[in-house]
Amino acid sequence: MERELTPDKQKLEKMLMNEKPTNVMKLKVKQNMIGWGFVLPAALLIFTFYFYPIFRAFILSFQTGVGANIRFAGLANYKRIFLDPLFKTSLSNVFIYLVLQVPMMLFLALILASLVNDEKLRGRGLFRTALFLPCATSLVSYAIIFRSLFALDGFVNALLMNLSIISRPINWIGHPWTARILIVIALTWRWTGYNMIFYLAGLQNINFSIYEAAKIDGANAFSSFFRITIPLLKPIILLTTIMSTNGTLQIFDETMNLTNGGPANSTLSISQYIYKLSFVYSPRFGYAAAISFVVFIIVAILAFIQLKVGDER
Amino acid sequence: MIKRKLITLVKYSVLSVAAFLSVFPLLWMLISATNKSVDVIAGSLLPGAHLVENFRTLVERTDIFSALWNSLRNASVATIASLIVCSIAGYGFEIYHDRGKDFLMSVLLLSVMVPFAAIMIPLFMMFGKANLLNTTAGFVLPTISTAFLIFLFRQSTRTFPQEVIESARLEGLGELGIFFRMYVPIMRSTYAAAAVITFMNAWNSYLWPVIIMQKAESKTMPLLISDLIAGYVTDYGMVMLAVTISILPTILLFLILQKNFAEGITASIK
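So the protein sequences, as listed, match chains A and B. Be aware that the first sequence starts at 15, since it is given in the working numbering, and climbs by one per residue. Be aware that the second sequence starts at 26, since it is given in the working numbering, and climbs by one per residue.
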């Protein structure tokens, strides 16, 4: 591509012409080296704190014992995973969260984002701020707020009883399914606004005139939403799906502070189980590492599937 | 006409309900911080007169000031270190890009797929060996460099005018000088966006500190709050005050820098 040279560029070009070619080469090499110097610290940190540990986890997963008594155990840890009821429980728990929560939240976020995106909407800024606010709260804090709201004699039960929706208070964190639903409600509260931010950014790239044209052609709000908004936002929907899936599989703070994994491990997540295996029960680093590695594989496979499905449609 | 009005009505109702539900738990938290534990559990919606009392209990029973200081120190160090390391890398990946660096960048992006649960045990062992448990360095090190931030800075460097670099070189400014004196000031808003996100993440981080901050005096706010509800008798008024104190800084940051916050979250998808 021909581009007109700016005066500065001309000067530089002249300077470079007068210099010996070897010096130009040297300058290029020098800049290239400086470039490596700029990226290297960050790269080394990522290698040290992400790639090396995942490699270590892999090695560790073939070992058993603690401290000085570590020995090679072959596939024993992996074989044990398949027989471990608690692993199955924690895995099915996070999949329950995933299936119940992620589609509902993303759909809600899409609807809210397209409502707020309307330029003629009054109080638009206020709605946005209110809807985004939950994602500025820490996971531990909101888990505790929800715990008190949904306490046995807490606000939500009192409200539901006053409205005659229920006759007796629900022991939310005392039963497996109500506890899981509570986690789903809490997650939806915290993350819907976060995903909205992505959709709004995507919606800004869609020209408003497309909607106007659709309206003239007789499309109503529903068909515009399903025929224009969703198809055009597909890449971003894919991105948020992958992020939410990834996040849900790794859920820890909420199950730890809202339900503490209970009752009877019915809300226990995989991360929490790994944590307990390593730091709460008598430490079994080798076995915990094997589970960690399985989680890593599951996350990678799910992301791969979602990318494939997203590509084909 | 009537149909149109009905649609508008539905629209505003849906948004109002959603907005109310988003804000209500936080309002509830503020109100509860002023109430007695019994009233909190009974679901009182009226502000009480127990704020000072709750604060006194909190100061007596916990090391709230030391936890606040730990959180502030750790999050600030994490933010500053992250911004320097990741922005210079993002800049380097874009400005001096060649095959090798492009390849390295795509390798680094793979780290996003590594779940923290999968690496926490080896990390804990590494930090134990290096004697970094209970330290700020231990808190900060694993999160200084993230593919997300590097990518964010690389993407926004694309908007940085190449001419600035060329003329600065003619003026005799070194490559590092160009970065610090030209790039950093011009990219202020990207830095603001990155800073909000990084600070919030560090301030709120829980799983890693839970593992390495084992001494009482090195606990951060999320750990302190989490410990408060673990006891047998929970003073909910006091807990809600502690939660309020831990949430306020990030909420304020969010309200002041809302635009940067949204930009920071989405900058990497542009």
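Mixed in with the good hints there might be a few duds.
Computed Cβ-Cβ distance ranges for the label pairs, DEER-style [what the hints assert, rightly or not]:
| # | chain 1 | residue 1 | chain 2 | residue 2 | range |
| --- | --- | --- | --- | --- | --- |
| 1 | A | Arg138 | B | Lys240 | 20 to 30 Å |
| 2 | B | Arg206 | A | Val43 | 18 to 28 Å |
| 3 | A | Ile73 | B | Leu93 | 49 to 59 Å |
| 4 | B | Arg183 | A | Phe239 | 31 to 41 Å |
| 5 | B | Tyr37 | A | Ile73 | 51 to 61 Å |
Note that these hints are calculated values from the structure, not bench results. Even for Gly, the Cβ is constructed at its ideal location relative to N, Cα and C.
Hint check results:
At about 48 Å, the beta-carbon gap between Arg138(A) and Lys240(B) misses the expected band of 20 to 30 Å. Between Arg206(B) and Val43(A) the beta carbon distance is about 24 Å. The supplied range of 18 to 28 Å therefore holds. Range check, Ile73(A) to Leu93(B): Cβ separation about 40 Å, and the 49 to 59 Å hint is violated. Under the hint 31 to 41 Å, the C-beta atoms of Arg183(B) and Phe239(A), about 32 Å apart, fit the expected range.
Checked against the hint of 51 to 61 Å, the C-beta distance between Tyr37(B) and Ile73(A) comes to roughly 58 Å, which is consistent with it.
Checked against the numbered hints listed earlier, the structure breaks hints 1, 3; every other hint is satisfied.
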